[in-house]
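Enquirer: Take a look at the letters that make up each chain.
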Amino acid sequence: DAKTTQPPSMDCAEGRAANLPCNHSTISGNEYVYWYRQIHSQGPQYIIHGLKNNETNEMASLIITEDRKSSTLILPHATLRDTAVYYCIVGVSNQFYFGTGTSLTVIP
Amino acid sequence: NAGVTQTPKFQVLKTGQSMTLQCAQDMNHNSMYWYRQDPGMGLRLIYYSASEGTTDKGEVPNGYNVSRLNKREFSLRLESAAPSQTSVYFCASSLRLAGDAYEQYFGPGTRLTVT
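Top line first, the protein sequences correspond to chains A and B.
The opening residue of the first sequence carries number 1 in my numbering; numbering runs sequentially from there.
The opening residue of the second sequence carries number 109 in my numbering; numbering runs sequentially from there.
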């Protein structure tokens, strides 16, 4: 069962930060938060993951609340190529359950 | 590295026909997966293999069988295709990261239509 809740769609202006929220109120102490994206009909692509601390890599930043019940994926300077469906996944070990994700549209 | 490859890319079957979807990875990953994605939906796990010689059911295993042929290859078989199995099928393999975190790498998908 999908353990996350995401808004179905969002828009973001090109060059601005895109902030994608995710609720995971039933997360267990050993479960990670993962973000993947799927561009058009391609296979999903890993973006970032975290357990308790905020994380940053070359693609994005992940902010996890102190109680770990929600998180936000931040794309600092959205481009048209960031238009995709973004999935927030909560899981342990190597089994992932995808929800329906957030369809992000970056507007010129 | 080719990553994760899947064959065929497209397939049309008639109800009751059988077929095998092939998947191979060249990244020396232990774990491999099969997902299906129906229109407008997220991915649902059909079967996974944590290591060579082991397979386990996922969320939607009914109507499917799998074989982990070796470390590289993981195939998905539909013994008697039904229209409800019309979907896009993705294969993935995973790399274990620090702690108990995993990064999954996906193939390009197989688009299957059952008429």
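Mixed in with the good hints, there may be bad ones.
To be verified - These stretches of chain B come out as covered by chain A in the derived footprint (C-beta under 8 Å, 3 or more residues):
(1) 186-196
(2) 203-216
As the list claims (entries may be wrong) - Straight line, CA to CA, 30 Å or less: simulated DSSO-like cross-link-like pairs of lysine-lysine:
(3) B:K122 to A:K3
(4) B:K117 to B:K179
(5) A:K52 to A:K3
(6) B:K165 to B:K117
(7) B:K165 to A:K69
(8) B:K122 to B:K165
Claimed, not checked - With the C-beta cut set under 10 Å, the calculated list includes, among others, these residues of chain B facing chain A:
(9) Q114
(10) S139
(11) E167
These aren't lab readings, by the way, just hints derived from the structure by calculation.
All C-beta atoms, glycine included, are put in the ideal place defined by N, C-alpha and C.
Enquirer: Confirm or reject each hint.
Expert: Right, here's what the structure says about each hint:
Coverage of the segment 186-196 of chain B by chain A is violated [criterion: at least 3 residues with CB-CB distance below 8 Å; count 1]. Requiring three or more residues with a Cβ within less than 8 Å of a Cβ of chain A, the coverage given for the segment 203-216 of chain B holds, as 12 such residues are present. The straight-line distance between the Cα atoms of B:K122 and A:K3 is roughly 36 Å, outside the 30 Å bound, and the hint therefore fails. A C-alpha spacing of about 22 Å is found between B:K117 and B:K179, which places the hinted pair at or below 30 Å, so the restraint holds.
Note on A:K52 and A:K3: the hinted pairing holds, with a Cα-Cα distance of about 17 Å set against a maximum of 30 Å. Among the hinted pairs, B:K165 with B:K117 is consistent with the structure: their alpha-carbon atoms are about 24 Å apart, no more than 30 Å. Restraint check for B:K165 and A:K69: the C-alpha separation of about 28 Å stays at or below 30 Å, so the hint holds. A hinted pair counts as satisfied when its Cα atoms are at most 30 Å apart, and B:K122 with B:K165 qualifies at roughly 25 Å.
For B:Q114, the interface hint holds, since its Cβ comes within 10 Å of a Cβ in chain A; the closest pair sits about 9 Å apart. Satisfaction of the interface hint for B:S139 is found here, the shortest Cβ-Cβ separation to chain A being roughly 5 Å, below the 10 Å cut-off. Among the interface hints, the one on B:E167 holds; its C-beta lies about 7 Å from the nearest C-beta in chain A, closer than the 10 Å criterion.
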